[in-house]
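Chains as they are written, first to last, in the numbering used here: chain A, 11 to 592; chain H, 11 to 592.
Careful: at least some of the hints might be erroneous.
As the list makes no split between identical chains, a pair holds if one copy fits it or if it spans any two.
[Unchecked claim] Subject to a maximum C-alpha distance of 20 Å in a straight line, what follows is the list of computed SDA-like cross-link-like pairs (lysine to any residue): (1) Lys515 to Asp168; (2) Lys452 to Pro483; (3) Lys202 to Leu235; (4) Lys202 to Glu242; (5) Lys294 to Ser469; (6) Lys575 to Ser588; (7) Lys135 to Met481; (8) Lys135 to Thr355; (9) Lys516 to Gly84; (10) Lys575 to Thr459; (11) Lys190 to Thr133; (12) Lys65 to Glu232; (13) Lys92 to Ala430; (14) Lys575 to Pro329; (15) Lys92 to Pro415; (16) Lys50 to Ile182; (17) Lys65 to Leu231; (18) Lys202 to Val292; (19) Lys50 to Glu90; (20) Lys515 to Thr249; (21) Lys65 to Ser200; (22) Lys591 to Thr133; (23) Lys452 to Met481; (24) Lys424 to Pro383.
No wet-lab data here; the hints were simulated from the structure.
Take a look at the letters that make up each chain.
Number of protein chains: 2
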Amino acid sequence: MMMIIPFHCPRLPFGLLLLTVLLSSLLTIPTVEARIRRYKWEVKYEYKSQDCYMKLVITINGQTPGPSIIAQQGDTIIVELKNSLLTENVAVHWHGIRQIGTPWSDGTEGVTQCPIFPGETHTYKYVVDKPGTYLYHAHYGMQRAAGLYGSIRVSVPDGVAEPFSYDYDRSIILNDWYHKSTYEQAAGLSSKPFVWVGEPESLLIQGRGRYNCSLLSSSSLEAGLCNATNPECSPYVLTVVPGKTYRLRISSLTSLSALNFEIEGHNMTVVESDGNYVEPFVIKNLNIYSGETYSVLVKADQNPSRNYWAAVNVISRQPQTATGLAIFNYYPNHPRRSPTTIPPTGPLWNNSDYRLAQSLAIKARQGYVEPPPQTSDRVITLINTQNQIDGYKKWAINNVSFTLPETPYLIALKENWTHAFDQSSPPDNYNSANYDIYSIPKNPNTTSTNAIYRLKFNSTVDIILQNGNTMNPNNSETHPWHLHGHDFWVLGYGKGKFDSVNDPKKYNLVNPIMKNTVPLHTYGWTALRFRADNPGVWAFHCHIEPHFFMGMGTVFEEGVERVGKLPTSIMGCGETKSLIKP
Amino acid sequence: MMMIIPFHCPRLPFGLLLLTVLLSSLLTIPTVEARIRRYKWEVKYEYKSQDCYMKLVITINGQTPGPSIIAQQGDTIIVELKNSLLTENVAVHWHGIRQIGTPWSDGTEGVTQCPIFPGETHTYKYVVDKPGTYLYHAHYGMQRAAGLYGSIRVSVPDGVAEPFSYDYDRSIILNDWYHKSTYEQAAGLSSKPFVWVGEPESLLIQGRGRYNCSLLSSSSLEAGLCNATNPECSPYVLTVVPGKTYRLRISSLTSLSALNFEIEGHNMTVVESDGNYVEPFVIKNLNIYSGETYSVLVKADQNPSRNYWAAVNVISRQPQTATGLAIFNYYPNHPRRSPTTIPPTGPLWNNSDYRLAQSLAIKARQGYVEPPPQTSDRVITLINTQNQIDGYKKWAINNVSFTLPETPYLIALKENWTHAFDQSSPPDNYNSANYDIYSIPKNPNTTSTNAIYRLKFNSTVDIILQNGNTMNPNNSETHPWHLHGHDFWVLGYGKGKFDSVNDPKKYNLVNPIMKNTVPLHTYGWTALRFRADNPGVWAFHCHIEPHFFMGMGTVFEEGVERVGKLPTSIMGCGETKSLIKP
Chain A
11 MMMIIPFHCP RLPFGLLLLT VLLSSLLTIP TVEARIRRYK WEVKYEYKSQ
61 DCYMKLVITI NGQTPGPSII AQQGDTIIVE LKNSLLTENV AVHWHGIRQI
111 GTPWSDGTEG VTQCPIFPGE THTYKYVVDK PGTYLYHAHY GMQRAAGLYG
161 SIRVSVPDGV AEPFSYDYDR SIILNDWYHK STYEQAAGLS SKPFVWVGEP
211 ESLLIQGRGR YNCSLLSSSS LEAGLCNATN PECSPYVLTV VPGKTYRLRI
261 SSLTSLSALN FEIEGHNMTV VESDGNYVEP FVIKNLNIYS GETYSVLVKA
311 DQNPSRNYWA AVNVISRQPQ TATGLAIFNY YPNHPRRSPT TIPPTGPLWN
361 NSDYRLAQSL AIKARQGYVE PPPQTSDRVI TLINTQNQID GYKKWAINNV
411 SFTLPETPYL IALKENWTHA FDQSSPPDNY NSANYDIYSI PKNPNTTSTN
461 AIYRLKFNST VDIILQNGNT MNPNNSETHP WHLHGHDFWV LGYGKGKFDS
511 VNDPKKYNLV NPIMKNTVPL HTYGWTALRF RADNPGVWAF HCHIEPHFFM
561 GMGTVFEEGV ERVGKLPTSI MGCGETKSLI KP
Chain H
11 MMMIIPFHCP RLPFGLLLLT VLLSSLLTIP TVEARIRRYK WEVKYEYKSQ
61 DCYMKLVITI NGQTPGPSII AQQGDTIIVE LKNSLLTENV AVHWHGIRQI
111 GTPWSDGTEG VTQCPIFPGE THTYKYVVDK PGTYLYHAHY GMQRAAGLYG
161 SIRVSVPDGV AEPFSYDYDR SIILNDWYHK STYEQAAGLS SKPFVWVGEP
211 ESLLIQGRGR YNCSLLSSSS LEAGLCNATN PECSPYVLTV VPGKTYRLRI
261 SSLTSLSALN FEIEGHNMTV VESDGNYVEP FVIKNLNIYS GETYSVLVKA
311 DQNPSRNYWA AVNVISRQPQ TATGLAIFNY YPNHPRRSPT TIPPTGPLWN
361 NSDYRLAQSL AIKARQGYVE PPPQTSDRVI TLINTQNQID GYKKWAINNV
411 SFTLPETPYL IALKENWTHA FDQSSPPDNY NSANYDIYSI PKNPNTTSTN
461 AIYRLKFNST VDIILQNGNT MNPNNSETHP WHLHGHDFWV LGYGKGKFDS
511 VNDPKKYNLV NPIMKNTVPL HTYGWTALRF RADNPGVWAF HCHIEPHFFM
561 GMGTVFEEGV ERVGKLPTSI MGCGETKSLI KP
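Okay, chain A solo, but in the shape it has when bound:
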């Protein structure tokens, strides 16, 4: 039996609506047959010219971005991943999937599994329990930046309507792109003197970008690797039928850059983010931070006799990378016909008020609000700082820089190996009352730790992310923070120093959006709340690849005693060797 829930009717009292939702789940779930969707992936290095410059990338079945996972709520996803890298391990994280009951499938190397060794086939199995737009990507070293990523699209069950309508559904992943290998990047970040990865060479829209080959000395070897006519770097084309409405699922997996996405001459209505319905609002362009996903509705309502630019621009850092371009192609114009107009250049890169305002505009959609707990059991304030250890540059929270242990936490905790990582608790705050967020850290020296936060099961936890100044004067950077295993409520954003007395009074406890990734704006704060109700061990980290690599993250444990028997397929490294009994 199928049942159409009257999700379109607005202003139903929350309680009643929730009851309807609950009833409908009870009624529909047994009748909708959840499917198993099985994928066989082979991961390897191949030469690709995504921005016209040929370099080695990690592909899945020959592709980057990898194959899309298209599923329906309640489906079981089984990915048999064969690691055909030569000497390198791999792990793949299913970004936004909460892994309820399958914490060992989160794919976070060092946290929930040993990496997959070369030659091995590892099976990830999990349920996609919530419709929405998600991602997958490598979660090991800086491997994500080598091209191992793709999209997950989970639709509502048959017979369930969404609270908005559209004619077509398209996914677009945005990325920034470097010509140096992740090995070279990582070696530089770990060097003294520090060698920064720099700004990306290009921006990719659905794996396609354009580096200006003429920047390379024409007689150089590199010039021979750059070919502006290579079809692999022809712009991505989104063909639209005049008058039709498109759901564009736009996500970002940049290594570094915050981006702004715009379609020339077209408004966008934001309707979903990170798998949660957004109270619709109209924008000219979208700020999107690494790890975020958005659905926007775009109507092909402009002059149909021409094509339009879709453009991404760097924001929040001074752009040194050319606008990334795709063609928004009105059928039946030729898909390769470039618009003659000047591509959108996006908002001012340093307009932080603009970015803050858009963040604040994102609320849960009426009728789909999951009310947050009105109070929390624990408040953890995390001051984000740039620091150093013995002259090596680091990022830290509360002045501790995070490192992963040799044995994944999930296994160490289940085996009760207290020696596998530091058993102390990282600090719940760091001199937060007196910390001067506008100055270079008074104590630039940090220490590293692999200690984690142990949360009381089912407790409600607030996280106050507090930004500060880097080690350069008058500089604060945007950090997109991503939580594994959960959606959190975004209770508020603010400028400057968080006021622990007055700011909580302004929290949005009525219709906060739930997300899994949220920006911490420059010199600002972001307040989150989540319920520690998913047994497992969950990473929480800045989604900027070099920042996490440099220590900007931590891990939460909750209810690990409720986690069932771990599959041996996640073992093999570190202390788990002691479990080998030949």
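Since the structure of chain A is provided, determine the placement of chain H on it from the hints.
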């Protein structure tokens, strides 16, 4: 009690001498206290400019070549190797060390161990039971070519004299050097169309070479990576005192190139190879193939008022790489004073007769001959061919191209996992009577296998390596074959097709040299004999890194049932996960 054995007295009857040796071992071994030599190594990626061009290399404790292992016969070597690579595993092979009683310490990924995972510390422990010149290097993927290698020097016990004298002892490793990463090289080799690694950018003497930076377009990014004045690429200096005699331990770990080593104006007397004493012979220059080691004696007997060039040149392939140079510095001349003479250019690269003649000149030293068994129990003829599988270029022996299994053979065999690799036997020959070695293979298609040769324990095995034509007309390549776990007797070399009736009659059964690496010359054959008396599983392969990567090798098993309990430290990958019992 120490005892000087009269090894200098020539022409002692072999039997008597052998008795003396045996007695002396019995008498001396209990009295000489074998030491434990412990090393702590950290392996990681670092930027180095070994040939003036900066690239990422794998270092040990910050060095490439890595630290030398200096030991005495009978010592136990313990290397605690920490893998600090980010996402990449590692394994280190102790080249020339037979690993008697410790086959799990051979360090051959896929054969004797799972690789060492990032963050892990693995302990290699073995006895150096024979004096001589040995090597160590990565044995995983194409990792050796990334710079992970070094030398092992084992001296005779105190009180034991060598059959030659010298004043100083120096080790020099020769190498060829590529600017592309091993990742890029491997991706090209595995591609269709095939992308060959090409000729090396430079030749290194003890880790130092010189790429001509002016070959790079001056405005290119690469030019910025090349700095001819970087001290890291100043030539290696070998300072000598006039009138003194130097034992130079010269070894080669080239990825591709066969080399010729020469010291301007100085003769060299070959006295040792691969840990075996050579009947001395004098040469002007030394042909050396990847995986070989030689000791030569050089007397500083030339005009001491100047310095001299030491030079390496490519042979056997048309050279496209500049001569590699070091300075043979007569004290007290300034060590950086370059000779004004033209550096030696070596013999004609394609003079195969010259190379064959030098190979034939190498015999066991009188008084140190270990007589070979006069007959063998099994003859395995291995035809070396270039082939293809489904359009992918391969190397094969007897028309099968070798691949490593997911589970190392040593573990699979001890656990009796017959499903872990193909249990059939690879062929003992391949149409050898009719095979036309001078033509492109009539059947260019090959298959791949991970089947291995099972040898009867303590049996005597002959290997006839037969060269042929590659897939290019009129082309045959030199292949240096290396056997793990053994020294073999070199019974003979020949030109053209091996004659199984007449050629064995010409075998040198009197004083054949024992080696662990031997060249197979172009369009020729090489005949080896060894005793399958070392319980374990032993790789036998072409030491050219891309050739082994493309399938040019195999594995021998002997007496594996006599191997003791395997350490779990070699496990963790492949089927060994089934041994994990949490």
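Do the hints match the structure? See the list:
For the identical chains of this complex, Lys515 and Asp168 are neighbours neither inside a copy (42 Å) nor across copies (82 Å), given an alpha-carbon limit of 20 Å. Taking the closest pair of Cα atoms, Lys452 and Pro483 come within 20 Å of each other only inside a single copy of the chain (12 Å); across copies the shortest separation is 71 Å, beyond that limit. In this assembly of identical chains, the alpha carbons of Lys202 and Leu235 lie at most 20 Å apart only when taken from different copies (18 Å versus 30 Å within one copy). With identical chains, the CA atoms of Lys202 and Glu242 are at most 20 Å apart between copies only, with a shortest distance of 17 Å across copies and 37 Å within one.
In the homo-oligomer, the alpha carbons of Lys294 and Ser469 never lie at most 20 Å apart, since the shortest distance is 40 Å inside one protomer and 81 Å across protomers. Taking CA atoms no more than 20 Å apart as the test, Lys575 paired with Ser588 passes in both settings, with 17 Å inside one copy and 15 Å between copies. In this assembly of identical chains, Lys135 and Met481 lie within 20 Å of each other by CA distance neither inside one copy nor across copies; the values are 43 Å within and 46 Å between. Taking the shortest Cα distances, Lys135 and Thr355 never come within 20 Å of each other, neither inside one copy (42 Å) nor across copies (62 Å).
Taking the shortest Cα distances, Lys516 and Gly84 never come within 20 Å of each other, neither inside one copy (36 Å) nor across copies (76 Å). Taking identical chains as interchangeable, the C-alpha atoms of Lys575 and Thr459 are never at most 20 Å apart, the minima being 28 Å within one chain and 37 Å between chains. Within a single copy, Lys190 and Thr133 get their C-alpha atoms no closer than 31 Å, and across copies no closer than 33 Å, so neither meets the 20 Å cut-off. Taking identical chains as interchangeable, the C-alpha atoms of Lys65 and Glu232 lie at most 20 Å apart whether they share a chain (10 Å) or sit on different chains (15 Å).
In the homo-oligomer, the alpha carbons of Lys92 and Ala430 lie at most 20 Å apart only across protomers (17 Å), although the nearest pairing inside one protomer, at 28 Å, exceeds that limit. For a Cα distance limit of 20 Å, the shortest separation of Lys575 from Pro329 qualifies neither inside one copy, at 49 Å, nor across copies, at 60 Å. In the homo-oligomer, the alpha carbons of Lys92 and Pro415 lie at most 20 Å apart only across protomers (14 Å), although the nearest pairing inside one protomer, at 25 Å, exceeds that limit. In this assembly of identical chains, the alpha carbons of Lys50 and Ile182 never lie at most 20 Å apart, being 22 Å within a copy and 49 Å across copies at closest.
Within a single copy, Lys65 and Leu231 get their C-alpha atoms as close as 13 Å, and across copies as close as 15 Å, so both meet the 20 Å cut-off. In this assembly of identical chains, the alpha carbons of Lys202 and Val292 never lie at most 20 Å apart, being 47 Å within a copy and 49 Å across copies at closest. Proximity of Lys50 to Glu90 under the C-alpha cut-off of 20 Å is restricted to the intra-copy arrangement: shortest distance 5 Å within a copy versus 38 Å between copies. Taking the shortest Cα distances, Lys515 and Thr249 never come within 20 Å of each other, neither inside one copy (47 Å) nor across copies (78 Å).
In this homomeric assembly, Lys65 and Ser200 come within 20 Å of each other (Cα to Cα) only across copies, at 15 Å, whereas the closest approach inside a single copy is 23 Å. Taking identical chains as interchangeable, the C-alpha atoms of Lys591 and Thr133 lie at most 20 Å apart only when they sit on different chains, with a minimum of 19 Å there against 23 Å within one chain. Taking the closest pair of Cα atoms, Lys452 and Met481 come within 20 Å of each other only inside a single copy of the chain (10 Å); across copies the shortest separation is 67 Å, beyond that limit. Taking the closest pair of Cα atoms, Lys424 and Pro383 never come within 20 Å of each other, the shortest separation being 29 Å inside a single copy and 58 Å across copies.
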